[in-house]
Amino acid sequence: MGELFPRVGFIVTNSSIAAKKVITIYNGRAEIENRIKEGKNTLRWDKTSCHRFAANQARLLVGCLAYNLLHMIRDAAFWGESVKPSIDSIIKRLVKVGARVVYHAGRWHIHVATAFPLARYYRILFA
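Residues in the sequence shown are numbered from 0 upward in steps of one, following the numbering used here.
Possibly wrong hints are sitting among the right ones.
[As the list claims (entries may be wrong)] Restricting the straight-line Cα-Cα distance to at most 25 Å, the calculated cross-link-like pairs of lysine-lysine (DSS-like) are:
#  : residue 1 : residue 2
1  : K46       : K36
2  : K95       : K83
3  : K95       : K36
4  : K20       : K95
5  : K19       : K95
6  : K91       : K36
7  : K91       : K39
8  : K91       : K46
9  : K83       : K39
10 : K83       : K36
These aren't lab readings, by the way, just hints derived from the structure by calculation.
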């Protein structure tokens with residue numbers, strides 16, 4: 000059975016690789032471009048407001064570290080789910096949350112409201 004809305008497109012190449020392999024490589028490239036766009040729009044990788052190269056480099060490195068941490072959170076908290084949320088959605092739903100951090104008996108505890116609907120993801124992440 001075919002697709003309801005078939006994807007029709009053209010890829011022109013001088014490579015001797017098989018057509019299915021070329022399409023797989025091309026689709027992978029599109030996925031990488033989406034990840035770069037997500038980093039630029041969400042974490043502001045393109046913001047180079049300082050006049051010194053080292054400061055801009057440090058800002059980009061911290062942004063890359065934040066992106067990788069958020070990706071790890073996404074893979075751990077939403078493991079097994081068919082559709083994983085975007086990095087922007089994770090920031091809005093899991094990071095920008097009112098919580099109380101308490102250090103007691105040699106352990107750190109994060110207390111969120113009992114009515115917080117995403118508390119189970121925190122239990123998964125910090126278990």
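- prompt: Hey, K95 versus K36, does the alpha-carbon distance stay inside 25 Å?
  reply: holds (21 Å)
25 Å limit on alpha-carbon distance, applied to hinted pair K46 and K36: Given that 25 Å is the threshold and the Cα spacing comes to 13 Å, the pair holds.
- prompt: Hey, K91 versus K46, does the alpha-carbon distance stay inside 25 Å?
  reply: Given that 25 Å is the threshold and the Cα spacing comes to 20 Å, the pair holds.
message: Against the 25 Å threshold, does the CA-CA distance of K19 and K95 hold or violate the hint?
response: violated (42 Å)
message: Hinted pair, alpha-carbon criterion (25 Å max): K91, K39. Please report holds or violated.
response: holds (16 Å)
task: Sort out whether K36 lies within 25 Å of K83, counting only the CA atoms.
output: This hinted pair holds, its Cα atoms lying about 17 Å apart.
- prompt: Regarding the pair K20 and K95, is the alpha-carbon distance no greater than 25 Å?
  reply: Distance of about 41 Å is beyond 25 Å: violated.
message: Please verify whether K91 and K36 have alpha carbons no more than 25 Å apart.
response: Since the Cα atoms of K91 and K36 sit roughly 18 Å apart, the hinted pair holds (cutoff 25 Å).
- request: Measure nothing beyond the straight line between the CA atoms of K83 and K39; if it is 25 Å or shorter, mark the hint as holding.
  value: The given pair, whose Cα atoms are some 19 Å apart, holds under the 25 Å limit.
K95 paired with K83 [C-alpha distance capped at 25 Å]: With a Cα-Cα distance of about 18 Å, the restraint between K95 and K83 holds, given a limit of 25 Å.
In summary, the numbered hints that this structure violates are 4, 5.
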